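Chemist: Letter by letter, the chains look like this.
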Amino acid sequence: MPSLFFPRRLPQSVRLLALGLLSVLLSVLTQGQGELRTLALDAALPVQWFNSRTEALWGEIGGSLHSRAALEAENAQLRRALAAAQPLLLDRDVLRSENRQLLALLDSFPQAPGRVMAARVIAENFTAGNQIITVDHGRNDGVFTGQAVLATGGVAGQVVTVGTMTSQIALLSDLDSSVPAQSAQNDQPLLVNGTGNPQELQIPFQARNTPLRVGEQLVTSGLGGRYPPGLPIGTIQSIRRNGTQAFADIKVRPAVALGRLNTVLLLWPRNQPRATNTP
Amino acid sequence: MNALLLAIGFFLALAGNSLPMGPLYLALRPDFVALLLLYWAITSATELGLGVAWIIGLVQDVVDGGILGAHAMAAAVMIFVLYAGLGKVRNLPPWEQLFFIFILLLLERLGAWVWQAWGGPIAWNFALLLGPLTGALLWPIFVYLLDRIRHQLRSA
Chain A
311 MPSLFFPRRL PQSVRLLALG LLSVLLSVLT QGQGELRTLA LDAALPVQWF NSRTEALWGE
371 IGGSLHSRAA LEAENAQLRR ALAAAQPLLL DRDVLRSENR QLLALLDSFP QAPGRVMAAR
431 VIAENFTAGN QIITVDHGRN DGVFTGQAVL ATGGVAGQVV TVGTMTSQIA LLSDLDSSVP
491 AQSAQNDQPL LVNGTGNPQE LQIPFQARNT PLRVGEQLVT SGLGGRYPPG LPIGTIQSIR
551 RNGTQAFADI KVRPAVALGR LNTVLLLWPR NQPRATNTP
Chain B
477 MNALLLAIGF FLALAGNSLP MGPLYLALRP DFVALLLLYW AITSATELGL GVAWIIGLVQ
537 DVVDGGILGA HAMAAAVMIF VLYAGLGKVR NLPPWEQLFF IFILLLLERL GAWVWQAWGG
597 PIAWNFALLL GPLTGALLWP IFVYLLDRIR HQLRSA
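For the record, the sequence lines run as chains A and B.
Be aware that the first sequence starts at 311, since it is given in my numbering, and climbs by one per residue.
Be aware that the second sequence starts at 477, since it is given in my numbering, and climbs by one per residue.
Misleading hints may appear alongside valid ones.
[Unchecked claim] To spell it out: a stretch of chain B is covered by chain A in this simulated footprint if at least three of its residues, at any positions, have a beta carbon under 8 Å from a beta carbon of chain A; those stretches are:
1. 485-492
2. 497-503
3. 525-535
4. 572-584
5. 620-627
[As the list claims (entries may be wrong)] To list a few chain A residues with every Cβ distance to chain B over 10 Å, as calculated:
6. ARG378
7. ALA379
8. GLU382
9. ALA383
10. ARG389
11. ARG425
12. THR437
13. GLN457
14. GLN516
15. GLN527
16. SER548
17. ARG551
18. GLN555
19. ARG563
Just so you know, the hints here were simulated from the structure itself, not pulled from any lab data.
Note that the structure is predicted; figures quoted are calculated from it, not measured.
Note that CB positions come from ideal geometry on N, CA and C, so glycine has one too.
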């Protein structure tokens, strides 16, 4: 508390105000400083290393506690899932070759997904607004800011910070995340935004009489060039038209279980000479 | 408190805040850094400076990879409210501090949340209350354990 005997010492409230100003300045000035973010991420390396050790240990303990029966049940379930997926895979190959032929007709190149690298999640920095995970690959492996990240089911997010050996990925559910998308049923361009909740995304700015329907699949549209087109984002879960609001309130269930990621795929787009070879 | 002990404590707290342990842990985990800050502020003989709390919050921002200054400011505000408005809480037994700890943890979480959502849309989520709630419920155990550790080290 401020004292008359120490006139040099500022009252608490004044100090709080000064710290507040400092925080605002820091927040504003450090936004979008890639080098600084890399430095910060490298500084956090000891904590992340500790985390990955703890997680591995936890996994071992959990693994040894798994009973034989549970493992057998899981095995049977995985077999069933594999069998169910097999025809789809065949289908996909057929579709892909058909697509390639059609695109060749259009004098275009097929959009191959490109090279991928699997990365392990070593930390989940989930606060109410930030949905960020840290993975064990960084600049040394050629990871770059803005890189698309996939996971089982579809798109998971994009790289926001690259450290030397680690990098951080903002998930689709991050409050700042926004992905250009389109419905698989019609080709109207949309955005899918994060809400801060890993189980829910939303589509902004759709009029109340939107043609979108519950249950429609959303895929990336490829606009902006960050994500290749055609990757699954999620399914429309609900469309609500509230009282006097101009826009419909549309919720989307993400295709990827964003809250429980263990492994993700970093995607390197294939070099596309298409843009340069136009006469 | 011993500086080394504090350093180890905050390291573990930072790690505990970002352990990838699945969705249940994610929803329920209290903010360990804020808990440790409160413990430090309540038990230390001299007042914990707002600047110190701010710097520890900043370290958390760095580790989280979020916007710099969000947790820093939230931690400073939390400690300010503890000293300026809830001075008497320091003299209560841990069981009776529980409710105040909940309020302070909630203040810290909401502060950081509003800061991070700056300029964007804010969607209220009742899950925001869970972390501070478990934090407050764990508080007496937390205090007991840390007191024991400190006592052991002092007598050793």
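Chemist: Now tell me, hint by hint, if it's right for this structure.
Modeler: To see whether the hints hold, each was checked on the structure:
{"no.": "1", "hint": "485-492", "in the structure": "holds (count 3)"}
{"no.": "2", "hint": "497-503", "in the structure": "holds (count 4)"}
{"no.": "3", "hint": "525-535", "in the structure": "holds (count 4)"}
{"no.": "4", "hint": "572-584", "in the structure": "violated (count 0)"}
{"no.": "5", "hint": "620-627", "in the structure": "violated (count 0)"}
{"no.": "6", "hint": "ARG378", "in the structure": "holds (23 Å)"}
{"no.": "7", "hint": "ALA379", "in the structure": "holds (22 Å)"}
{"no.": "8", "hint": "GLU382", "in the structure": "holds (23 Å)"}
{"no.": "9", "hint": "ALA383", "in the structure": "holds (20 Å)"}
{"no.": "10", "hint": "ARG389", "in the structure": "holds (25 Å)"}
{"no.": "11", "hint": "ARG425", "in the structure": "holds (25 Å)"}
{"no.": "12", "hint": "THR437", "in the structure": "violated (6 Å)"}
{"no.": "13", "hint": "GLN457", "in the structure": "holds (15 Å)"}
{"no.": "14", "hint": "GLN516", "in the structure": "holds (15 Å)"}
{"no.": "15", "hint": "GLN527", "in the structure": "holds (23 Å)"}
{"no.": "16", "hint": "SER548", "in the structure": "holds (14 Å)"}
{"no.": "17", "hint": "ARG551", "in the structure": "holds (18 Å)"}
{"no.": "18", "hint": "GLN555", "in the structure": "holds (13 Å)"}
{"no.": "19", "hint": "ARG563", "in the structure": "holds (15 Å)"}
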